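Enquirer: Listed below, chain by chain, are the residues.
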Amino acid sequence: MTVIKTTNLTKRFGKFTALDGVDLGVTEGEIYGFIGPNGAGKSTTIRVLLGILKATEGEVKIFGKDAWKDAVEIHKRIAYVPGDVNLWPNLTGGEVIDLFINLRGGNHKNRREELIEKFDLDPTKKCRTYSKGNRQKVALIAAFSSDTDLYILDEPTSGLDPLMENVFQECVMDVKREGKSVLLSSHILSEVEKLCDRVGIIRQGKMIETGSLDQLRHLTRTNFRVETKQPITNLGELEGVHGIEENSQTLSFQVDTEDLDNVIKHISPFGIVKLESTPPTLEDLFMRYYERKDPSSDTGVGGAL
Amino acid sequence: MTNSVLKNTGRLTRFIIRRDRVRVPLWLIGITFFTLIVPIAYNEMYDSQQDRDVLADTMRNPAMTAMVGPGGLDNYTIGAMTTHQMLLFTAITVGIMSILLVNRHTRADEEDGRMEMIRSLEVGRLSNLNATLLVLSIANTILALINGFGLYALGIEGMDLEGSLLYGTTLGVTGIFFTGVTAIFAQLTESSRGTIGFSIAALLIAYFVRAIGDVSNGTLSWLSPLGWVTQTGAYSDNNWWPIVWMIGASIFLFFFANYLNAVRDLGAGFLPAKPGKKYATAFLQNPVGLALRLQRTAIIAWAVGIFVMGLSYGSVFGDLDSFFEGNELLEQMLASEEGFSYTEQFIPMLMMIMSILASIPTLMSMLKLSGEEKKSRIDHLLGRAVSRTRLMGSYVIIAIFNGFMMISLSAIGLWAAASAVMEEPFSFGTIYGAAMVYYPAMLVMIGCTVFLIGYAPKLTGLIWIYLFYSFFVLYLGGLFDFPDWVGKLTPFGYIPQLPVEDMEVMPIFILVLISITLMVSGFVGYNRRDID
Chain A
1 MTVIKTTNLT KRFGKFTALD GVDLGVTEGE IYGFIGPNGA GKSTTIRVLL
51 GILKATEGEV KIFGKDAWKD AVEIHKRIAY VPGDVNLWPN LTGGEVIDLF
101 INLRGGNHKN RREELIEKFD LDPTKKCRTY SKGNRQKVAL IAAFSSDTDL
151 YILDEPTSGL DPLMENVFQE CVMDVKREGK SVLLSSHILS EVEKLCDRVG
201 IIRQGKMIET GSLDQLRHLT RTNFRVETKQ PITNLGELEG VHGIEENSQT
251 LSFQVDTEDL DNVIKHISPF GIVKLESTPP TLEDLFMRYY ERKDPSSDTG
301 VGGAL
Chain B
1001 MTNSVLKNTG RLTRFIIRRD RVRVPLWLIG ITFFTLIVPI AYNEMYDSQQ
1051 DRDVLADTMR NPAMTAMVGP GGLDNYTIGA MTTHQMLLFT AITVGIMSIL
1101 LVNRHTRADE EDGRMEMIRS LEVGRLSNLN ATLLVLSIAN TILALINGFG
1151 LYALGIEGMD LEGSLLYGTT LGVTGIFFTG VTAIFAQLTE SSRGTIGFSI
1201 AALLIAYFVR AIGDVSNGTL SWLSPLGWVT QTGAYSDNNW WPIVWMIGAS
1251 IFLFFFANYL NAVRDLGAGF LPAKPGKKYA TAFLQNPVGL ALRLQRTAII
1301 AWAVGIFVMG LSYGSVFGDL DSFFEGNELL EQMLASEEGF SYTEQFIPML
1351 MMIMSILASI PTLMSMLKLS GEEKKSRIDH LLGRAVSRTR LMGSYVIIAI
1401 FNGFMMISLS AIGLWAAASA VMEEPFSFGT IYGAAMVYYP AMLVMIGCTV
1451 FLIGYAPKLT GLIWIYLFYS FFVLYLGGLF DFPDWVGKLT PFGYIPQLPV
1501 EDMEVMPIFI LVLISITLMV SGFVGYNRRD ID
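Chains A and B are the protein sequences, given in the same order. Read left to right, the first sequence gives residues 1 to 305 (the numbering used here). Read left to right, the second sequence gives residues 1001 to 1532 (the numbering used here).
Since the hints were derived computationally from the structure, they do not count as laboratory data. This one's a predicted model, so the numbers in the text were calculated from it and none came from an experiment. Think of the CB as a built atom: it goes at the ideal place given N, C-alpha and C, for glycine as much as any other residue. Be careful, since some hints might not be right.
Under the rule of at most 27 Å between Cα atoms (straight-line distance), these lysine-lysine pairs were calculated in the BS3-like manner [claimed, not checked]:
1. A:126 with B:1375
2. A:125 with B:1278
3. A:69 with A:5
4. A:15 with B:1458
A few chain B residues facing chain A, derived, Cβ under 8 Å [to be verified]:
5. 1290
6. 1294
7. 1376
8. 1379
9. 1382
10. 1384
11. 1386
12. 1530
13. 1531
Based on the sequences and whatever the hints tell you, model everything.
Expert: Take a look at the structure:
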């Protein structure tokens, strides 16, 4: 079942087009990684999903309901953590957590204490004394204390230390085990790689890629390090070989996934001494998509675009 | 400096002066400006001794004494008048200046970690505190001198050199005294908010102890440093020895602050930081509760202020008639009606002023909604199961009640003080009715604010211009002979002038209708637009 579904979502602020026909789909029980550079439209998309901004065009459905008209009804089943958590300076963290849990309407609080301990937060301190990380903890504790069906997390870990990031990841895995859905916008690619079932990449208001990590990897290049008895010749003339670097005896290069077979056939006669291959990291993917100045002019690897 | 704990105090002093080279002069210029402008204005307004004696008579009542302290009413020269009406409040302003400046260079620097960098240099443990005390002492001395000589230089009759110097010196030593007070709280508390809070509280307590003492038991006033301020009696009694007291007390405070600073760790305080609440009360856990909690302090402060304002207006009701008689300027401002006393004719004007003042906290509590939006804290609520209507409704309800409370408090204060000083006091109904009749105009102002928040969130500031316009045309309308329609552009211009005129239901009904229309359309707009 689809939890979030946007069709041709477009949002304009005056003349500026922030979102240009975004199609996003999150299915029940999955963790969806939403990545893109600053200003790409991640937060705008999320704020449209929450009914805080009104879509200029297109359809936005959450749990099959309209995100704008049925916002309150939808929000009873959503937990949201913004990237920049601004809190009221004269309330304590504990007060804010209680307020947040209560405003969702009729949720149980039994996980509150457990999470406060896990995240190592002092709930008696006023919010003005909290660092960015601690303010994020307040929002995360409130979110994970509530029993909801969908978690919308907008760069929730940008201020957390590695230890707390682990706690966060455990929390996300816990809710996934309970069959809940998560939309995770993030800059920390290792986190997305670890947690997410599917990934969508947004750039300049357009979704440029979406799919499982395996699918996305398929669309890119594998890294090779090869040592052979005889020097490999004519490698650069082969289709799909990129970035050749020679380092004493070792050759490093990348190969397009669809040309793997040809390349291996070409190099094996030279007598392989050592062969290392590493799958592309999300970072490679990310960099490749972002570096392109104009997505439409690039036909992409393997016709990805 | 041979003494190691005071090493480089001189350099830090110069450093503080460098940091405050604009701030301190601005304070000094501002305070001096008001000190000098007031006697000039008094000299214009009350140019005969007869006028001044009439004013002195209106001042002879407990409410006025509680507010500004006793004064030289028997020989009410321009000088005595200035001392009576201005010295205490100016001294309080100087006190606030000292509090803010001392905090800035002591606890605030410490809290933000700047002091740690200073202390890691070749600087003594007590150098910063003493550099601060030195700079503040110099600043207050300069303040004393320019105010003293400045007043004398005005050359107004009844403002002699001794009185002028005493006036200036009183201001200066008050500043030095509160420098000492703040220096101690900077050691005691752990945060700059705490330092300012405790110091201002000390100032307010000093004010109220003096107020109670001045109207009941004179010895109580001697317990308050602000009591000493009014006891100097510049231009009339010219008592110098409260000054000696103040200097002595300040020296003690300076030494005590040094002692406290010497025995504590950097960053630490003596008063433990109180842990806050771990859980939210049931009251806080809904939008209305949250909105109310966020404005709690402001609402209470305004309520007290508005009530005191009502009291102070009421306290002059006993002598208003004699005061108005013969003052052409004031007579001109009142719509002259046969068969009514000046006091009665003054009521509608007064109520208009009070309702516009009461509108300020009312509109502030409505505008808090857009303030929260600008600080992007609204997302927390709208991202949860809170509808926009419910959110805006919370603020509208609070604003409506706030306005009702403020205008009521001003009327109650006015009535209470007026009935204490008048021989034939007005009935409560007369006063309260004359005030409440303005409430619908306040509702229209709330309606306008709701409308702006709904449709033009970036232009919400316009409401203040509209409110100021209302005040300007109605308050000065009689003076400038504005055409009628100018006054009819504001809801305050449609209010029946009780008790001089008869009550009219129609304009009230229409104003309420307009306010409802504005609010409803504001809600519609708020439900349609993007949240910033």
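Enquirer: None of the hints should be skipped; say for each whether it holds.
Expert: To see whether the hints hold, each was checked on the structure:
A C-alpha spacing of about 17 Å is found between residue 126 (chain A) and residue 1375 (chain B), which places the hinted pair at or below 27 Å, so the restraint holds. Distance restraint check for residue 125 (chain A) and residue 1278 (chain B): the Cα-Cα separation of roughly 8 Å lies within the 27 Å cut-off, and the hinted pair is therefore satisfied. Simply put, residue 69 (chain A) and residue 5 (chain A) have alpha-carbon atoms about 15 Å apart, close enough for the 27 Å limit, and the pair holds. Restraint check: the Cα-Cα separation between residue 15 (chain A) and residue 1458 (chain B) comes to about 18 Å, which is no more than 27 Å; the hinted pair holds.
The beta carbon of residue 1290 (chain B) comes within 6 Å of a beta carbon in chain A, closer than 8 Å, and the hint placing it at the interface holds. Interface restraint check: residue 1294 (chain B) against chain A, minimum CB-CB distance 6 Å, threshold 8 Å, status holds. Hint status for residue 1376 (chain B): holds, given a least beta-carbon distance of 5 Å to chain A, under 8 Å. Interface restraint check for residue 1379 (chain B): the shortest CB-CB distance to chain A comes to about 6 Å, inside 8 Å, so the restraint holds.
The criterion of a C-beta within 8 Å of any C-beta in chain A is met by residue 1382 (chain B), whose closest approach is roughly 5 Å, and the hint holds. A least Cβ separation of about 4 Å between residue 1384 (chain B) and chain A falls short of the 8 Å threshold, and the interface hint therefore holds. With a cut of 8 Å, the hint placing residue 1386 (chain B) at the interface with chain A holds, because the nearest CB-to-CB distance is about 6 Å. The beta carbon of residue 1530 (chain B) is positioned within 8 Å of a beta carbon in chain A (closest approach about 5 Å), and the interface hint is therefore held.
With its C-beta approaching chain A no nearer than about 5 Å, residue 1531 (chain B) sits inside the 8 Å limit, and its interface hint holds.
Going through the hint list in order, the structure satisfies each hint without exception.
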